[in-house]
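**Q** The chain contents come next:
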Amino acid sequence: MIDPISFSEPLLLMQKSLDSVAIRQQHIANNLANIDTPGFKRVEVSFQDQLKTALDQNAQPCLLWRTHAKHLPVNEPLDLRNFEPQVTTIKETIGRNDGNNVDLEMETAKLAENQLLYQSLADMTSRSISGLKTAISEGRR
Amino acid sequence: MGAMTGVFSTLAISASALTAERLRMDIISNNIANANTTRTIEGGPYTRQRVVFAPRFDVTPSFAPMLSTMTKDGLPMGVRATGIIKDPSPNRMVYDPGHPDANAEGYVAFPNVNIVNEMVDLISATRAYDVNVTALNASKGMALRALDIGKA
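Going down the list, the sequences are from chains X and E.
Under our numbering, the final residue of the first sequence carries the number 153; numbering is consecutive throughout.
Under our numbering, the final residue of the second sequence carries the number 486; numbering is consecutive throughout.
Calculated from the structure, these hints are not laboratory results.
Watch out, some of these pointers could steer you wrong.
Claimed, not checked - Calculated pairs, PhoX-like style, for lysine-lysine (alpha carbon to alpha carbon, straight line, at most 20 Å):
hint, chain 1, residue 1, chain 2, residue 2
1, X, Lys122, X, Lys103
2, E, Lys485, E, Lys474
3, X, Lys145, E, Lys474
4, X, Lys28, X, Lys53
5, X, Lys122, E, Lys474
6, X, Lys122, X, Lys53
Said to hold, decoys possible - One side only, chain E facing chain X, incomplete, derived with CB under 8 Å:
hint, residue
7, Thr344
8, Ser350
9, Ala462
10, Val467
11, Ala469
12, Ser473
13, Ala480
Even glycine gets a Cβ: it sits at the ideal position worked out from N, Cα and C.
Same shape as in the complex, but just chain X:
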């Protein structure tokens, strides 16, 4: 029997990454939309480091599940389904005299990077789905 969690874990990982990249795209679009707004502070979205921490945590040799609400959390595995990207407003830097700190070049570079990342993730998702399809059809096409 296929374990439903391990069966869907790569897909879940990719889904969470795609969601995070989409949220980042939203914030990059918002930063660019407010490029001429006085006092606006840019917002950054990060998820790769957090996702890596979560995966490293789950890859530890000794994981302890809590089977009772009053257990203490020790080496608890993290549920990827609850993963959320981290959204931070960068208030420390000053870009211009009007208090706006959106950097056009940096933001455009991030836009391109984000788009490529989304495309490669979408590609990987398609590939893992077609892998499952091959397994379902017993290798026949």
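Given chain X, work out where chain E should sit, using these hints.
**A** The following block gives chain E in isolation, referenced to the frame of chain X:
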């Protein structure tokens, strides 16, 4: 995922900026067109106008935005033009006693529009418009790629 997250809201963010920058360009064009207008309905020369931008969601923590954060509905993002204000700087006084709008001393009050400033603002508005079109296309490209997941 709430109502304001997802593909269409990302497109709406860029679209709000396109609207705002377009308005800014219209106002700049109006300033340039009226750079030498010495009489208006209100009397006196034309006054330079400026557009004021603000984020669509202001960061001042008030009840409604907080509530929508709590309910995971997401906040409306993007930019909006909150108003068009008149530039209070003084008029340009030009000595031209033959002008029909000249005052007793022979000076004519011309609008406080500086063509060079307007051109710089126009370039800045055009660049901002361009970059938001780029962002819009990028988001659209991502959405189209998402539609291809699972195909082939």
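**Q** Going by Cβ atoms only, is Ala462(E) closer than 8 Å to chain X?
**A** holds, 5 Å
**Q** Just to be careful: measuring from the Cβ of Thr344(E) to every Cβ in chain X, is the smallest value less than 8 Å?
**A** Status holds, d = 5 Å.
**Q** Tell me if Val467(E) is really an interface residue toward chain X, meaning its C-beta lies closer than 8 Å to one of theirs.
**A** violated, 10 Å
**Q** Next pair to validate is Lys485(E) with Lys474(E); report whether the Cα-Cα distance is within 20 Å.
**A** holds, 18 Å
**Q** What's the verdict on Lys28(X) and Lys53(X), does the C-alpha distance respect the 20 Å limit or exceed it?
**A** violated, 26 Å
**Q** Given Ala480(E) was flagged as interface, is its beta-carbon under 8 Å from a beta-carbon of chain X?
**A** holds, 6 Å
**Q** Take a quick look at whether Lys122(X) and Lys474(E) sit within 20 Å of each other, Cα to Cα.
**A** holds, 16 Å
**Q** Within a Cα-Cα threshold of 20 Å, do Lys122(X) and Lys53(X) meet the stated pairing?
**A** Measuring from Cα to Cα gives roughly 16 Å; hence the hint holds.
**Q** Holds or violated: Lys145(X) and Lys474(E), Cα atoms, limit 20 Å.
**A** Roughly 28 Å separates the two Cα atoms, so the pair is violated.
**Q** Answer holds if the nearest beta-carbon of chain X is closer than 8 Å to that of Ser473(E); otherwise answer violated.
**A** holds, 6 Å
**Q** Let's test the interface hint: is any C-beta of chain X closer than 8 Å to that of Ala469(E)?
**A** With a closest approach of 5 Å, the Ala469(E) hint holds.
**Q** Do the alpha carbons of Lys122(X) and Lys103(X) lie within 20 Å of each other, as the hint requires?
**A** holds, 19 Å
The structure fails to meet hints 3, 4, 10 from the earlier list, while all remaining hints are met.
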